[in-house]
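Asker: Residue-level listing of the chains:
There are 2 protein chains.
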Amino acid sequence: MTKNLYVCLTPALIPLYKVEDYTVVIIDIFRATSSICYGIENGAEAIIPVSEVEECAAYREKGTGYLLAAERNGEVVAGFDFGNSPFSYTPEKVAGKTVVLTTTNGTHALHLSRSAKQVLIGSFLNITSLCNYLKKHEGNILLVCAGWQNNFNLEDTLFAGAVIEQLKHSGYTLDDPAIAANDLFQIGKNDISKYLGKTSHGERLKKLGIEKDIAFCLQVDLTTAIPVLQGEKLVKLI
Amino acid sequence: MTKNLYVCLTPALIPLYKVEDYTVVIIDIFRATSSICYGIENGAEAIIPVSEVEECAAYREKGTGYLLAAERNGEVVAGFDFGNSPFSYTPEKVAGKTVVLTTTNGTHALHLSRSAKQVLIGSFLNITSLCNYLKKHEGNILLVCAGWQNNFNLEDTLFAGAVIEQLKHSGYTLDDPAIAANDLFQIGKNDISKYLGKTSHGERLKKLGIEKDIAFCLQVDLTTAIPVLQGEKLVKLI
Chain H
1343 MTKNLYVCLT PALIPLYKVE DYTVVIIDIF RATSSICYGI ENGAEAIIPV
1393 SEVEECAAYR EKGTGYLLAA ERNGEVVAGF DFGNSPFSYT PEKVAGKTVV
1443 LTTTNGTHAL HLSRSAKQVL IGSFLNITSL CNYLKKHEGN ILLVCAGWQN
1493 NFNLEDTLFA GAVIEQLKHS GYTLDDPAIA ANDLFQIGKN DISKYLGKTS
1543 HGERLKKLGI EKDIAFCLQV DLTTAIPVLQ GEKLVKLI
Chain F
1343 MTKNLYVCLT PALIPLYKVE DYTVVIIDIF RATSSICYGI ENGAEAIIPV
1393 SEVEECAAYR EKGTGYLLAA ERNGEVVAGF DFGNSPFSYT PEKVAGKTVV
1443 LTTTNGTHAL HLSRSAKQVL IGSFLNITSL CNYLKKHEGN ILLVCAGWQN
1493 NFNLEDTLFA GAVIEQLKHS GYTLDDPAIA ANDLFQIGKN DISKYLGKTS
1543 HGERLKKLGI EKDIAFCLQV DLTTAIPVLQ GEKLVKLI
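Top line first, the protein sequences correspond to chains H and F.
All letters in the first sequence, in the order written, are residues 1343 to 1580 by the numbering used here.
All letters in the second sequence, in the order written, are residues 1343 to 1580 by the numbering used here.
Just chain H, with the same shape it has in the complex:
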């Protein structure tokens, strides 16, 4: 039976796919899905991604069990517990807690993928664990790049290409975006950090003073947990 391994390059293109037929992997390398993988690995009970700072703040009223993560322009918003840096998601901070995380691109991609068979979270941190799970899994896979303001970005696409690299000999049919993503990965794979350094987004992130976060997010196989969407929460699948 033919199985598809497709790549959706931006959330704006999700409506072109019948997500009901796919296991979806959400990709937002800088920094939402990297932080989520790290947080779930480190024992966070759940992570709830929301779009707006106000939505995040509303959880304050729901009880004391929530850690609230909100950031604007690289700074923790006043009154919140921490920002979006993966360094905030250590065992000391998140173990046993539910984190409410403000993220725009990643949340948008998640919401549009809700009707998929399963929604998983991917990043370089958990890539091999994720791919090993996907290899055992029958059925179609859609890698959804969260992108940047609904448009294509290189870091998420390159990661999609890295996943395809691990899966491409397993009999999947690739679409044009998947072929392109995997070819771009071939160009960048020897020094992903250097390759991404030439992008405008890379420049922007450097200005925010989050080079350390970027280097952290590009580490391969630091974790094995695979976050999965259950209702509105991301929890540990394996």
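Be a bit skeptical, because a hint or two may be false.
[As the list claims (entries may be wrong)] From the derived model, a few chain F residues whose C-beta atoms are all more than 12 Å from chain H:
| hint | residue |
| --- | --- |
| 1 | Phe1424 |
| 2 | Gly1438 |
| 3 | Lys1540 |
| 4 | Phe1558 |
| 5 | Glu1574 |
[Stated by the list, open to error] A few chain F residues that face chain H, going by a derived Cβ cut-off under 7 Å, partial list only:
| hint | residue |
| --- | --- |
| 6 | Val1418 |
| 7 | Phe1494 |
| 8 | Asp1525 |
| 9 | Ser1535 |
| 10 | Gly1539 |
| 11 | Thr1541 |
Honestly, the hints are just simulated from the structure, not real lab data.
Note that the structure is a prediction, hence the values are computed from the model and not measured.
The beta-carbon is built from N, C-alpha and C at its ideal position, and this holds for glycine as well.
Take the given structure of chain H and dock chain F to it, following the hints.
Answerer: Just chain F now, with coordinates in the frame of chain H:
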């Protein structure tokens, strides 16, 4: 002054750009923009792209000066003068005539780009002439890939990358899609036909029996005319 050289990977993403600030180049390599370049080169007075066969047929009522081109599934629709093959756009057939061309992806991209400073038509056939014109031109450039059913395709993206190859040392700022397109061009440039052969769309086109059209559309610098949008018509700019 900074000038942008950006790539819009599919018509679905056009709303993300403020097209008023750009000279737009529409790209639909297989086969609309290739046929348009060839037709204008060969003396067609104008080419009117329309979406639907019915819209095309309506021009029959408007007078005898129109040649009507309509194709479905690789066959000329009964009652029409010819299809979308560039081989139909010879001087003998089109010189002095106005051709009404049915094309879905290309027309969609054109309509969404109407408010641009200028809308030009690009293909491998006129690439160097087009790039020489753009080099003399001040201001921002947006290369719009018509894609396939609103999604990304490799042939249009590769062509965008080929244009960037000729312009990239002229002081433009590239966005991530432009960087990706140019990198993909580096991979494919030595044998574009072979590179595109691995895509699903390439397979589809082969099944339609239009391999000759494909080979024709990948010829470089066969023509010098640059079609430009004037109202609803494409005419010769230079």
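Asker: Against this structure, judge whether each hint is valid.
Answerer: Verification of the hints:
Every CB of chain H is more than 12 Å from the CB of phenylalanine 1424 of chain F (nearest about 28 Å), matching its label as outside the interface. With a least CB separation of 38 Å from chain H, glycine 1438 of chain F remains clear of the 12 Å interface cut-off, as annotated. With a least beta-carbon separation of about 7 Å from chain H, lysine 1540 of chain F fails to lie farther than 12 Å from that chain, contradicting its non-interface assignment. Here phenylalanine 1558 of chain F stays apart from chain H, with its beta-carbon at least about 21 Å from theirs, past the 12 Å limit.
Even its closest Cβ contact with chain H, about 27 Å, leaves glutamate 1574 of chain F beyond 12 Å, as expected for a residue assigned away from the interface. Evaluation of the valine 1418 of chain F hint against chain H yields a violated restraint, the C-beta minimum of about 27 Å exceeding 7 Å. A hinted interface residue such as phenylalanine 1494 of chain F counts as satisfied when its beta carbon comes closer than 7 Å to some beta carbon of chain H; here the least separation is about 5 Å, so the hint holds. Interface restraint check: aspartate 1525 of chain F against chain H, minimum CB-CB distance 5 Å, threshold 7 Å, status holds.
Interface restraint check: serine 1535 of chain F against chain H, minimum CB-CB distance 15 Å, threshold 7 Å, status violated. At a threshold of 7 Å, the smallest CB-CB gap from glycine 1539 of chain F to chain H is about 11 Å, leaving the interface hint violated. Contact between threonine 1541 of chain F and chain H, as hinted, is supported at the beta carbon level, the nearest pair being about 5 Å apart and thus within 7 Å.
Figure legend: structure checked against the earlier numbered hints; hints not met, in rising order: 3, 6, 9, 10.
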